[in-house]
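A.B. asks: Line by line, the protein sequences are chains E and G. Heads up: the first sequence runs through residues 1 to 208, numbered per this note's numbering. Heads up: the second sequence runs through residues 1 to 357, numbered per this note's numbering.
Any given hint might turn out to be false.
What the hints assert, rightly or not - Here are the in silico distance ranges between beta carbons for each label pair:
{"hint": "1", "chain 1": "E", "residue 1": "G82", "chain 2": "G", "residue 2": "V113", "range": "37 to 45 Å"}
{"hint": "2", "chain 1": "G", "residue 1": "T49", "chain 2": "E", "residue 2": "H67", "range": "36 to 44 Å"}
{"hint": "3", "chain 1": "E", "residue 1": "G143", "chain 2": "G", "residue 2": "A63", "range": "51 to 59 Å"}
{"hint": "4", "chain 1": "E", "residue 1": "P81", "chain 2": "G", "residue 2": "G197", "range": "57 to 65 Å"}
{"hint": "5", "chain 1": "E", "residue 1": "G143", "chain 2": "G", "residue 2": "M1", "range": "54 to 62 Å"}
{"hint": "6", "chain 1": "E", "residue 1": "D68", "chain 2": "G", "residue 2": "N279", "range": "31 to 39 Å"}
{"hint": "7", "chain 1": "G", "residue 1": "D156", "chain 2": "E", "residue 2": "A184", "range": "44 to 52 Å"}
{"hint": "8", "chain 1": "G", "residue 1": "P117", "chain 2": "E", "residue 2": "A184", "range": "56 to 64 Å"}
{"hint": "9", "chain 1": "E", "residue 1": "G53", "chain 2": "G", "residue 2": "D111", "range": "46 to 54 Å"}
{"hint": "10", "chain 1": "G", "residue 1": "V271", "chain 2": "E", "residue 2": "G159", "range": "47 to 55 Å"}
{"hint": "11", "chain 1": "E", "residue 1": "A65", "chain 2": "G", "residue 2": "A200", "range": "34 to 42 Å"}
{"hint": "12", "chain 1": "E", "residue 1": "G129", "chain 2": "G", "residue 2": "P273", "range": "21 to 29 Å"}
{"hint": "13", "chain 1": "G", "residue 1": "P334", "chain 2": "E", "residue 2": "P188", "range": "20 to 28 Å"}
{"hint": "14", "chain 1": "G", "residue 1": "P219", "chain 2": "E", "residue 2": "S182", "range": "57 to 65 Å"}
FYI, nobody ran anything at the bench for these hints, they're computed from the structure. Note that this is a predicted model, so its numbers are computed, not measured. We treat Cβ as the ideally placed atom computed from N, Cα and C, and that holds for glycine.
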Amino acid sequence: MTRTGRRIRLVAAVLAAVSLTACGSTPSAGPLQTLSVGGQPYAAMGGIWVVVGQSADAEAYVFSAVHDPVTVAGVSAVPVPGDPTGRLVHAGIEATGASIAVDRGWPPVPVRSLIGADLPLAGTGLPQGQSGIIVGLSGLQVGRAYAIAGIRIEYRYHGQSYATTAWAGLAFCVVTAAQYKSGATVCPSFKAFSNNVNRQVEKMAGIH
Amino acid sequence: MVTLAGSAGTLPAASATVVVEAELAENINAAGVPQTLEDVPVATQAITTGSFSVPVPASATLAQAELQGHGNVNFNVVVVSGTRMTSQYVPAPLTPAAAPGNKAALAVVADKVIQVPAFPAYREASAAPAQQSALNATPGIASGCTWKAWGSDYQDATRIGEVHVANATGVSDTFEFSNQNDLTITVGLSGSDPEYGFTASGTITLTNSLKAGGGTTFPAGTVQYADDNTVYQEYQGDGDTCPGWPLTTPYKIQAVGSEDDVFHGTNTPGVNPWGGCLNDSLHAVLPPHSYWDFDQSKSQYYSGIASWYGFTFGGSDGFTTDVQHDYNSTSSSPTTYICGPKDGLTAPESPILYNTP
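Build the full structure now, drawing on both the sequences and the hints.
C.D. replies: Have a look at this one:
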């Protein structure tokens, strides 16, 4: 899967007044920042077993310091070096305050969807303050573990394009429905795989 | 260069001298307990109003204290005014790695300004004029207070957190205590009696490079405090800037180390204020056959975390790295929900996590 292939774009109807950012340079210093807790970037780590075809969902948090909404123009997965990412198939903005630790299926909680068949319910603007962006990923290969370190968000504010990274470690193991029901051991060493993802995400996020 | 700033309150006399001491641990025994704590003056300032802002220049003493504390330095700030004095201990993180996971601490690191909390009431210290004279004669270098171990160390279960696990099949929470954490615990001070009359006098921070992998798993239905075995030691003070010296011999008791373990506490914390986490609109979902590691909790301050010689310690535990809570569910678990207290914070920001079906 190429980087472009993983990128999610808003549908045209949403983008009437928005210019999509092209792949390439976007300034990183803008009004949207990854959420920090205790002065450090927030980065929780979730792990989950999903049935093939089902999405594994994680949530990343951002904070907007400006009063006017910023408009999300694209979301892409941030890979964990050396690990397969899977395909980013869903993205949405948390709509009611309910969030996820980690989940499966889409949508896990009500979202203002950012992509595809789930047309936006109420626009794609991120208001001032904290917002949660939930993403769903799928993996094709049964018995294989996938991971992301977070998401890269491209957005526009007052006509200028920006990008920022929000951290949300997610590891998921793809199983068949029969394996899920039986609790069969698949993705051996999944916990060790997840622990390695956790360490790498902390390193990437610069958590001391 | 760091600066300690604050208010000495209404001065008992027309002027005062503020002495900042850095505490060094010495003569550490086989159990790792310092047998001597030396409060070495690192800066002084003469003031005529209640406000002070004392720059502490870089020095070998400060570097040694910082090294011993893995970036945290425990300062003793003494104010001598006429025949009266007051003092208290103030821990300060001087490097980002030592900041105990909270914004205030990181701001200290960034700004290099340590705000000193309000002091205890002034007490009589008839030697104060002599101290002032000595301090003025030798700016920055006075005879500090040396604390020598009084009796053996004492190990006590100390509350460091709390665990709430849904009463649901297969759900558990592993409370971990690993890599680097910071226990900030009250210091008790007694004017003249080694076994009586201790009052709170500031706090001290223990920053440890801990043994790896400490943690305990709490099963479904747990609503319990998580405790750690903390080591306390009593000391007898001797020196110019000791509280009450030389008319009385002061004593203090303080935490000096940790066993870096986690075990089930004996008491029960408050129940989930929401009743169930679904009542909190900011809840997070934990589905079956999944896990969620929450990496960066804020510190929760607890009073009554331990008690010795009638003195009740308070404190908080901040985690700078690695997992504190690791919620797990099995394939047979129902979906459960995670939330924080009624403070408007989402689970990622909350100092306490609740988990209910």
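A.B. asks: Work down the list of hints and note, for each, if the structure agrees.
C.D. replies: Checked hints:
1. E/G82 <-> G/V113: 37 to 45 Å: 43 Å, holds
2. G/T49 <-> E/H67: 36 to 44 Å: 41 Å, holds
3. E/G143 <-> G/A63: 51 to 59 Å: At roughly 54 Å between Cβ atoms, G/A63 and E/G143 fall inside 51 to 59 Å, so the hint holds.
4. E/P81 <-> G/G197: 57 to 65 Å: 59 Å, holds
5. E/G143 <-> G/M1: 54 to 62 Å: Holds: the Cβ-Cβ distance is about 58 Å, inside 54 to 62 Å.
6. E/D68 <-> G/N279: 31 to 39 Å: 33 Å, holds
7. G/D156 <-> E/A184: 44 to 52 Å: Cβ of G/D156 to Cβ of E/A184: about 46 Å, so the range 44 to 52 Å holds.
8. G/P117 <-> E/A184: 56 to 64 Å: 57 Å, holds
9. E/G53 <-> G/D111: 46 to 54 Å: 52 Å, holds
10. G/V271 <-> E/G159: 47 to 55 Å: 51 Å, holds
11. E/A65 <-> G/A200: 34 to 42 Å: 38 Å, holds
12. E/G129 <-> G/P273: 21 to 29 Å: 23 Å, holds
13. G/P334 <-> E/P188: 20 to 28 Å: 26 Å, holds
14. G/P219 <-> E/S182: 57 to 65 Å: 24 Å, violated
In this structure, the one hint that does not hold is number 14.
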